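A.B. asks: In order, the protein sequences belong to chains A and B.
Residues 1196 to 1631 (this note's numbering) make up the first sequence, in order.
Residues 10 to 583 (this note's numbering) make up the second sequence, in order.
By construction, these hints were calculated from the structure, which means they are not laboratory data.
As the structure is a prediction and not an experimental result, all values here were calculated from the model.
Using C-beta positions, here's what the derived DEER-type ranges look like:
#1 301(B) with 1569(A): 51 to 61 Å
#2 553(B) with 1530(A): 29 to 39 Å
#3 1282(A) with 154(B): 54 to 64 Å
#4 1611(A) with 553(B): 38 to 48 Å
#5 1266(A) with 301(B): 51 to 61 Å
#6 1602(A) with 175(B): 42 to 52 Å
#7 400(B) with 1413(A): 51 to 61 Å
#8 85(B) with 1266(A): 43 to 53 Å
#9 115(B) with 1550(A): 57 to 67 Å
Yeah, the Cβ is synthetic: ideal placement off N, Cα and C, and Gly gets one too.
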Amino acid sequence: VTARGQIAAEASLDAYRPGVDGPFGEAEAAHLLRRTSFGGTLAERRQIVELGPARAAIDRTSPPENESDYARVLEALAPLASTDTLEISQSIWLTRMLRDPRPFRELLTLFWHGHFATSVSKVGRTRLLVRQVDMLRESGQGRFGDIVTSVSRDPAMIVWLDGNANRRHHPNENYARELMELFMLGVGNYAESDVLEAARAFTGWHEHNGRYRFNTHEHDDGAKSVLGRTGSLGGEDVIAACLEQPACGRFVGGKLFRFFVHPDPDNALLEVIGRRYRESGHDTLALIRMLVGSRVFYSAQARRSIVMSPVMLAIGAARCLSLRPDATELANRLTGLGQSLYAPPSVKGWDGGRSWLNAATLIGRVNLAAELARRAASQPVEELFGPDRGHYVTALNHTLLDGAAPATLLDTLRRDELDLPTCLRVMLSLPEAQLA
Amino acid sequence: VIAMQLTPFVLGLTVLLSGVARPGEDGDLSALLPDGRLAEVHVPSGKAVWESEMGLRLRGLIEDMGADRELREGLGALHVLTGSDPAAWIELVLGGELELGVYPTPRKNNPTPNPAKRQVLVVARTADADGLALAMNALQAALETNPDAEFKTARHRKLPYLRFGKNASLARVDDLLLFATDDRLLTEALERWLDGGLLAAAGSGTGTELASFEFDTELLRPGDFASLRAPTRKLLGRRLANPLSNLLFGGLTLGKGRVAGTLAGVGREIALDVCLPPVPDDAPRAWFPPEPAGSMAVPVTPETLAVLSLRRDLGDWWRNRESYMPDGAQPGLAKADQNMALIFAGQSPAEDVFGQTGQVLALVVDRQRFEDAAAVPDVHLPAFCLVTRLRDPEAFTPTLAVAFQTLMGVINTDRARNRTAPFLLDTTLHEGIGVRAAHLLSGAGSGGKGEPAAIDFNFSPAVAVVEGWALIGTSVEQVNRLVSALHSGESAEGRGVMSFDIDVTRVLSALEDNRGALVAQSMLDNGLDPDEAATDVDNLLEWIGSLQHVSAALTRQAECLHVDLDLLLGESTP
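If we strip away everything but chain B, and leave its shape as in the complex, we get:
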C-alpha cells in the first residue's frame, strides 16, 4: 500500500522538480545510473527548487487542483507507520541533490523494448545520512509489524533493500536513497555504488540553475508518450495539412538525437533553455530564410497583449506549397489560390502578394477599448493585426486597397443574404496616414431597446501601409494605434525564426473585461450556480495572475535549434 502511494509521490514530485543529471561530472549522482537511459534529469538542490518562487507557485497550484491529496495520503500513511513528521520526510528525501533516469522496458523474446512502458530510477542525496538511516529503519520496523504490508527484504551483494511487489524497490546506502520501478535497475545502481562509481559529493549547483535534463527523442516516439506524440507530430510534421500550422511549425521536424536543457530561476524569473537537434543545412527557406539585414523589431501598442513574430519567406512557402503540404490539402489550397487571385484583382498570390512581403511578419493582439465605437458589445474580443514588412510598399499599396475593397464587398454580399447590417467602407487620416476601414452601420444589433450590441461590433476591419509596413487588422482602433507606434518607434524585438511575448497582466485585464461572459460560460459548461461560477472564474483569473510575462524564442544555431522560454511570475502569491 505504501509503495503504491509513494510511487506517484516520488515520481510526480521529481518530475515536477524537473531533474536528471549531466553524466560524467565528478561526484555526479549520474554515475550511479545504468547505461541505456532515454532521459535523465538532474536537480542540484531539491531544497532550492522547493523554496524557489516557482516551487512555491507550483505547490500552490497543486493544492488548488487538489492533486496534493494523494501525496498527503502517502505521507499520512508514513506518519502513521513511523510516527515521524511528513514534512521532515520531504526535506530529508527531496531536500538534497536528485537524479532521475528513464529507461526502456525490455521484452522477453523480442529485441525491441516495450514501447508502452518505461522504467524509472531515482537517486536522492540527503543532507542527513543519520536521519535517513533512522527513517528507513523506522519504516522497515513499521512494515514488519504491519500484517497487511506487501513487501519483502532483499539483498544485493550484502546490501539490503526493500521490494514492494514487482514495480517498486527502495534502498539506502550512506546518504543516498534509491528508488526504482524495476528491481534490475536498483541492483545495477547498487552495483555501481559498490564498485565506487560515485565520487565525492557534488556542489549544490550553480546557484540559479534549478535543474538540467537531457533525453533522447526516442522518448517521444512510440509508447507511453502517445498522448504527447500526436500533437507533436501535428505541430512539427514536415507536411502539415493546416496552412496556418504549416506556416508556423512546418519544416521544424524533430531530428534524431539528444535534447538537452536547463531550468534556472532567480526570484520571480524563470528561464528554460532547450537545445533541440539541429535542422538540416538544406532546410527550406520558407521557414529558415537568410538572416535579415535590418532589425527584427515589430510595432506594438500600449494595449498589446501578445505578439507572435515570425521570420518566413512567404513567397517560397506559397510557391512550393505542393511539396510542403500533403496531397489531401492541395484541392483546398488550389481553391484558396483562386480566391486570392480574385480578391487581389487577378494578381499572382505567390509573386504579387506573398512574394511582396518581407521576411519579418508578426501577429499583434491588442485589447480593445471601444473608445470611438458606435456600439459596445457585451463580449469584448481582442483585436488582431497582421504586420509585415513590404519589399515594394509603393507597388503594394494600391494592391492592398483594391483587395480590401473587394473582400469587404464579398463580406457585405454575404451579410445582405443573411439580412445583417453591412460594413461601410471609409478612409480616414491618422497622423497623416490614410487608413482604409470598414465600420458596421449602427442599427440592427447595435444595442438599444434593452438589447446588448451584437458581437459583430468587435470588428471594424482596417488596412494601412506606413513606413514600409503593411497593417491588416480586425479593428481600426488597433490599426490607428499601430500607425502611431510606427511613428513613435514603439516596438518589440522579434527573435530567431519565431518568437512570442505575452503580457499576462494585460491579458488578465482583457479577461476581466469579459468576466460576466466567463461566468455565464462556466455556468453553462459546469452546471454551476452564479456564485459558484463566479468563484470558479475568480480562481482562474487569480491563477493566470500568478504570471506576469511570458516570452519564448526559437533560434537556429549551428549545433542545435535553440528554444528559450522566460517566465516572470506575478508579484502576488496565489
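Same shape as in the complex, but just chain A:
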C-alpha cells in the first residue's frame, strides 16, 4: 500500500458533501435506502433528501421514534413461534423485514446470519436457529468482540460446529478453525498451532437442553499459546487475541464494506477500514454509519454494483411499493432461488455476488417478479406510489430502477397499454433490477 493510495483511501471515507462531491437528490436517497433498508418508498426518499447524507445515515440506522404498531405485529405473531417449524420461522423473519419501520436491523442481521452461517440442516431444532438470529439482531450493531463472544456461546453454533465434542482430552478444532478462518481473521493470518491451542481454550463450552453450559470438568485449563498470548487461556482470551490482530478489523470491516458499499475495495481501503474499525473498539454501528455517509458510498463505482440476493430483491421490491406478499409463499420461493433463511448452504454462508445468477435462478427471479406483480394487482395504485405518481410506467421506472429502464421498453409498455402488474413483472425482470 503506497502513501498515495492510503491518502486516497482516507479521503474516500470522508463524509460526502452535497454540492462539492456530487448531488444529493432522489437517486442518492434511493441508493441509501437500498443499502440500509432493502429499499424504500418515494415518500421515504423525499425525507432522506431533506435530511442530507450525514443525518440520513444516522436516521436510517437508528430505531424509529415510535414503533408501537410494529410491536403489535410482533406480539400477534408470537403464538406461531412455538411451532418450531422452518417454514413458519422463515415467514416470520421475512415479515419482520417487510414490516420493520427501520429495516436496517434486519438487513444487518441478515449480514451476520451469512457471516456466522449456521444451518438447521445439522442443528435440527429451528428454535435454536431462531434464537441465534434473535441474538444477532440484539447484539449485531454493537462491538464485534461482544458479538463473537455471544456467538461462541450460542447453542445453535455449538451444535453446528461440534462444540459438545470439544472435550478436555479430545479437543475438536471445528469451531476454533472457523472462528479464525471465517469469523475473525481470514486465511493466512494464523497458524495451525493457533487453531489447535484455541480449540483447547474452548473445551467445555457446551450446549445442554438448548442452553449454553460451561462444563468445567471438560474444560482444559492448562497453559496454551494463541496468537502470541500465553497462559491458561479460555475462549474469551482467544477472542481477545484475535481482536488484537490487525487482520481482524481488515477482514470483518472489509466484509461489511463489500456488503454495504461495493464488492471491490482495494488493499489501501481495506487497511484504512481495518484500522478505523479496530481503533473504534470494533464498533460495528459506527463503522457502518461512516461507510454509508462516505464519498465512496455515493461514488459511481458503488452505485448498482451489488448483485441482490433473492431476499434483498424480494423485500426491496416489496418495500419500494409497500406490497404485502404472502410470506409463506415468499419463503418457499426464496428457498427455490437458493436463499433459505436459517439454512445457509455451508459454514461459509452464501457465496453471493454473481453466483446468485444462473439460468435456473433467472427464471425463478422472473417467477418471483410475477408473484409480486400479482400482489400489486390487488392494491390501489395510490398505495403503491402515492398520490402524485404520474403514469404508472414512469412511476415504476422511477421507484424500482431510478429511471434506468431502456427508453424503448418504456415506449413499448406505454404504447401497448400493458397493465400495472405486467409492467411491474417486466421491470423487476430487467438486469438493472437485480443490482443494488
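Start from chain A and add chain B according to the hints.
C.D. replies: Frame of chain A; chain B shown alone:
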C-alpha cells in the same frame, strides 16, 4: 351486455338451488327438456329454497364472499332498463318451479361431443303469468331503445323469443320462462310445448324436498369437469397409491350409470341423499366385508370433535396390497411391511397385526384440555386415536405393548440425534385398565424463561386394550377418556361401510383455542395487520359456526351405493 350479466346469474342461482327434474311425472317441467341430457335438476319451489334456512345461509355466504356483486350488477342493469324492482324479478323468475338440463355439445365432423363444453336449458314456471308477460315486454322494449344492446328477436313456429349472440336465448310462453345457452335447445323445448308436452302444473313439491337431481356419470368424465375429475379419480380410483386414501376410498369405483338424489330441508336440518351406481357383487372384502354380527358403535368422549368409522377387512387389504395398489407404490409398501415386522417383534403384519383387527375401526378426534400436562403449548393440536375391535384381545395385548415400546425407542433415538427431549415410557392405571403412555420430559422446550412450550407437548402417545378394543392414540388424556367411554357405554353408531360425524360446535371451540395462532397465520399468508387478520379469523369462525353438526354415511345397498349427508345449521344467523 345483459345476456352476459344474466347468464351467470341464472346459471349460478339455479345450480345453487340444486335443481332439475325427475322425468315422466305428469305436469313435470321435464317434459319440455329435450332428450340426451347428461344431468337434470328439479326444484319444486324456488321460493321454498330461497326462504329456507339453507337459502338464507347461502345468500349470506354469497354476500360475505362478495360473489353477489355480479348478480347485483345484472339486476341493476335490468332495473335501469325496465324500471322494475330487481327483487320482483327474482321472485318472478325463481319463485316457482324450476327445471334445468345439462347437455353435451355436438361437434361438426366429429361424432363425439365436445368434451370441454356443456349446454344448459333452464325452464322456470312463474307464479304470475301476467307479471312475466309485462316484465318480458318491458325488457324487450328497453332493449329496442338501447342502441348498444346486442340482441335480435326470432321466432319458432310463430313463437317469438330473444337471442343474445350465439350463447343465450330467452323465451316466454304462458307462465314459463325458458333460457338456453344453445338456440337449438330452446327451439326444441318450444317445439315440445307446442306439441303439448307439458300437462297441468305440478304441485309445489313434497314440502320438505327442496330439489332432486339425476345425472349420468358421463358428466364427470372428460371435459369441463376436469377440475373435479382429478380429485375424484384420486379419491375413487381402484388402485390408489396413497395407502390411507386407498384404505378409505379404494374399491369405490364410479361405475357407469345414473346418479340420482334429493335435497330436503326442514328448519335447520338439511339432508342430501344420493344414489351412486352399485358396486359389483365381487367387490373386494377389504372394503366391503360381510355385515358384522354385533353393533357398529364406537366409543366417543365429551371432547370428541369428529369420528370417522370404517368397516374394513384390514387383513385382506394388506395381504392383497399388490393387487389393490399400483406398482409404483409397492417398494414403499414392502419397506413398510419390513418396518412393521421390526416394530411388532417379527410378527406378520398381515396376519398378526392387521389380521387381528375386527371389521370395525374408527378414528376419533378430540379437543385437548392439557389438564394434567407438564407444559401447555401455544398451539393446541387435536388428539387422534385409532380405535378398533380385536379378534383376540388376549393375544394382541402383549403384541401391542411390545410394539409401542419399540416404536417409542425408535422415536427417542431420533430425538436424541436432534438433541430434543425424549419421551419417558410409563404405565398407569385408569379405571383399572393399564394404559401405556409416553410423556415428554419437561425441560427443554417446556416453556419458562419467557418462552412458550414447544408444539411437541401436544403429544403423549398412549395405547390400551379394553373391553376387546385396542386404543392407539396421540394423547394419553384422550385414551383415558376413551377407556372411561368404553366403561360407561358412551358411543357413536357407525353406519354402512364408512361414516363420519363432526360436532362443529366443538370444532369451533378447538379453533378458538388457537385463535392467536390463526391470526398470526393469516398475517403471514395475507400480509395483513393484526386487526385485519383478527377480523378475517372472526369471519371464518362465524362462518364455521353457521353449522352445528355434519354427518355422512356410505351404505352398500343392492340397487345402489347410498350416500347420505345430514347438516344441522347453527342457531345464529351469520
